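Protein chains: 2
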Amino acid sequence: MERIAVATLGFVHRFLRRIWHFAKKDERLQSIAYRIRNSRAFSDISQHERMLADHVRVETYHKAICRHVHEGDTVVDLGTGTGILAFFAGQQKAKQVYAIDHSSIIELAKTLGAANRLGNVSFLRMHSSQFAPPEKVNVIIHEQIGDALLNEDMVRNICELRDKVLAPDGIILPGRFELFVEPARLKETLRVPYLWENDIHGIRYEAAEDWVRANVESVPQSRRITPEDVAEFLCEPESVLSLDLLTAKPDGVPRQLTFRKVATKSGFMDGYCLYFDALFDSEVSLSTSPFAERTHWNCQIFRTERLFVREGDTFDVVFDIPNVRDVTTWRINHKLAARQDDSAGQAPVPLLAGVR
Amino acid sequence: MERIAVATLGFVHRFLRRIWHFAKKDERLQSIAYRIRNSRAFSDISQHERMLADHVRVETYHKAICRHVHEGDTVVDLGTGTGILAFFAGQQKAKQVYAIDHSSIIELAKTLGAANRLGNVSFLRMHSSQFAPPEKVNVIIHEQIGDALLNEDMVRNICELRDKVLAPDGIILPGRFELFVEPARLKETLRVPYLWENDIHGIRYEAAEDWVRANVESVPQSRRITPEDVAEFLCEPESVLSLDLLTAKPDGVPRQLTFRKVATKSGFMDGYCLYFDALFDSEVSLSTSPFAERTHWNCQIFRTERLFVREGDTFDVVFDIPNVRDVTTWRINHKLAARQDDSAGQAPVPLLAGVR
Numbered sequence: 001m002e003r004i005a006v007a008t009l010g011f012v013h014r015f016l017r018r019i020w021h022f023a024k025k026d027e028r029l030q031s032i033a034y035r036i037r038n039s040r041a042f043s044d045i046s047q048h049e050r051m052l053a054d055h056v057r058v059e060t061y062h063k064a065i066c067r068h069v070h071e072g073d074t075v076v077d078l079g080t081g082t083g084i085l086a087f088f089a090g091q092q093k094a095k096q097v098y099a100i101d102h103s104s105i106i107e108l109a110k111t112l113g114a115a116n117r118l119g120n121v122s123f124l125r126m127h128s129s130q131f132a133p134p135e136k137v138n139v140i141i142h143e144q145i146g147d148a149l150l151n152e153d154m155v156r157n158i159c160e161l162r163d164k165v166l167a168p169d170g171i172i173l174p175g176r177f178e179l180f181v182e183p184a185r186l187k188e189t190l191r192v193p194y195l196w197e198n199d200i201h202g203i204r205y206e207a208a209e210d211w212v213r214a215n216v217e218s219v220p221q222s223r224r225i226t227p228e229d230v231a232e233f234l235c236e237p238e239s240v241l242s243l244d245l246l247t248a249k250p251d252g253v254p255r256q257l258t259f260r261k262v263a264t265k266s267g268f269m270d271g272y273c274l275y276f277d278a279l280f281d282s283e284v285s286l287s288t289s290p291f292a293e294r295t296h297w298n299c300q301i302f303r304t305e306r307l308f309v310r311e312g313d314t315f316d317v318v319f320d321i322p323n324v325r326d327v328t329t330w331r332i333n334h335k336l337a338a339r340q341d342d343s344a345g346q347a348p349v350p351l352l353a354g355v356r
Numbered sequence: 001m002e003r004i005a006v007a008t009l010g011f012v013h014r015f016l017r018r019i020w021h022f023a024k025k026d027e028r029l030q031s032i033a034y035r036i037r038n039s040r041a042f043s044d045i046s047q048h049e050r051m052l053a054d055h056v057r058v059e060t061y062h063k064a065i066c067r068h069v070h071e072g073d074t075v076v077d078l079g080t081g082t083g084i085l086a087f088f089a090g091q092q093k094a095k096q097v098y099a100i101d102h103s104s105i106i107e108l109a110k111t112l113g114a115a116n117r118l119g120n121v122s123f124l125r126m127h128s129s130q131f132a133p134p135e136k137v138n139v140i141i142h143e144q145i146g147d148a149l150l151n152e153d154m155v156r157n158i159c160e161l162r163d164k165v166l167a168p169d170g171i172i173l174p175g176r177f178e179l180f181v182e183p184a185r186l187k188e189t190l191r192v193p194y195l196w197e198n199d200i201h202g203i204r205y206e207a208a209e210d211w212v213r214a215n216v217e218s219v220p221q222s223r224r225i226t227p228e229d230v231a232e233f234l235c236e237p238e239s240v241l242s243l244d245l246l247t248a249k250p251d252g253v254p255r256q257l258t259f260r261k262v263a264t265k266s267g268f269m270d271g272y273c274l275y276f277d278a279l280f281d282s283e284v285s286l287s288t289s290p291f292a293e294r295t296h297w298n299c300q301i302f303r304t305e306r307l308f309v310r311e312g313d314t315f316d317v318v319f320d321i322p323n324v325r326d327v328t329t330w331r332i333n334h335k336l337a338a339r340q341d342d343s344a345g346q347a348p349v350p351l352l353a354g355v356r
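Chains as they are written, first to last, in full-length UniProt numbering: chain F, 1 to 356; chain H, 1 to 356.
Treat the hints with caution; some may be incorrect.
When chains are identical, the list treats them as one kind, so a pair holds in a single copy or across two.
In silico lysine to any residue, SDA-like type, Cα no more than 25 Å apart, as pairs [as the list claims (entries may be wrong)]:
| hint | residue 1 | residue 2 |
| --- | --- | --- |
| 1 | Lys63 | Asp244 |
| 2 | Lys63 | Lys110 |
| 3 | Lys187 | Thr295 |
| 4 | Lys187 | Asp147 |
| 5 | Lys187 | Ala292 |
| 6 | Lys93 | His62 |
In short, the hints are calculated from the structure, not lab data. Predicted, not measured: the structure shown is a model, and the values here were computed from it.
Build the full structure now, drawing on both the sequences and the hints.
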């Protein structure tokens, strides 16, 4: 009896996963699936607790809102959650703050708005695509920022909202972003090699490589890590993608980034660390760099097999973002070329592709 | 069209969650559901990569297996995964090692066994309840150890296997465990207060408390943390549950632990940190304490509202484990009593119940 139940439920589970897998390939279904997950995830109280506990996040937004929201402004806070950013705008004597969220959490925001006597904040349960205010707004506030910057559909949602509701001289907080993808070494205790790299007390795992490629749907390349896992970067950090939400297009996230980096020190690398900076103006910003003050955002590591890099070596990197909402589909391929004076004029030799 | 699809899929999603929620209340369904999740989760390659990358784990098992598996022994490795522990036993010239796993990962273990010429290891895809060897075994090796020690159904599975297959003088590696539940302060940057504790630039969240209690199914008390999140303990660590798998009963996990602790220093506490030690013999053990060398196991924090504790204060704690496989159901209630000489003979006053 128990065995039949296990088998049946197992079958249903696999069937649903198959449908999910199919749905992931369609752009439209991706968007729908993302919205459903999103609307559920953000009615989870613990998410809001984590975001409110992130002092760097809260203080940076507060500072930016105090600087840029003025008496008489009309403001929209997209994805308001428990309402904190809308309340900050309300405190600035905005004429009207629209706090919108498609999750039921909006009811809590409403309760808190009343308790804090913020009469200039109104609460709307809807997706931003349904939002149609009677007048143009001066400020769009949002925190649609995923651990991997782009994976909460920020660019599409903000650009569509901007085109519909933002006054010609309006602003977006935060409006600019820089994305970083840096060759990094992880702390030894937290490094996770590919299965086939293992050789443990004489037990060699090379044979795993063919087996995994034949039997496993996909070998995970990216993994969420805490910023503390990173020991060092091997290059000088340099943004590989700049986004300005005032001028971006809804489909303005490139599907592929190609860039070159030069190692500024010698050492082992374990993969590429993805993080971002969010810029509110030329003076107010926050960074999720492993070497900045800790926020609630984690980093992603796109691992490579461990390799030794020499100062002056060149990384030629192709970074694919096939489905912007699903970081597990993002992929890095790189070629590492030894410094010219090491190889005396030879053409760069591809040492390794991160994903094979 | 898109809106109808969102609504429909949202409904199906909620329906399935409702069934899941119902299933969680039935002990038998719990066990079935756990097995399905488990059999899927452990065919995930990245899990195995993480476990193999945990040097503390691998080295401790290797040391224990070298000490306790002797030439000619018969050994079973329960939940063998990629087979590493079975291979270590094979290297000790065991007569026969049975490597069993109910996930498809067993095929990889088989491939690795052949590649490493370990002819004395045989691979069986089955649940331990179906395992029936022709002779009694001398050693049971297992790593059915969850982040919260008990949540991988270890006690039931090992005890049932032991009663069926272990020779009278046989041993279990690891055979003993100590569970710790220690009042702890978290690092400031990683502390997550209850929603209603927030007061941010004059925005007060007290009104959230009633709303959350009326509208949210359950306020998460436990949360998985990395050991690095813990700043300090407020008491001298002392085990609250000792398990000996040689003598335990399959249903030998108590549903409730009650214990008393005395603060050995003054300071803030944010909750109770749960971790464990695994003991292979009197000399070989590993600890997942936040202050021991890092393993791949994380800790759980059962948070309380932040409170200031004075040296000598007494914690009277009731720790409930209604569903051993689901840490989110585990709950702590405590009473904190001020040190006697502070309150001059008064009865202890309950300051706070962690879960209200």
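Hint check:
Taking CA atoms no more than 25 Å apart as the test, Lys63 paired with Asp244 passes inside one copy only; the shortest distance there is 20 Å, against 56 Å between copies. In this assembly of identical chains, the alpha carbons of Lys63 and Lys110 lie at most 25 Å apart only when taken from the same copy (23 Å versus 59 Å across copies). For the homomeric pair Lys187 and Thr295, the shortest alpha-carbon distances inside one copy (19 Å) and between copies (13 Å) are both at most 25 Å. When the C-alpha separation of Lys187 and Asp147 is checked against a cutoff of 25 Å, the pair qualifies both within a copy, at 20 Å, and between copies, at 21 Å.
In the homo-oligomer, the alpha carbons of Lys187 and Ala292 lie at most 25 Å apart both inside one protomer (17 Å) and across protomers (16 Å), since each shortest distance falls under that limit. Proximity of Lys93 and His62 under a CA criterion of 25 Å is satisfied intra-copy only: 14 Å inside one chain copy versus 66 Å between copies.
Checked against the numbered hints given earlier, this structure breaks none of them.
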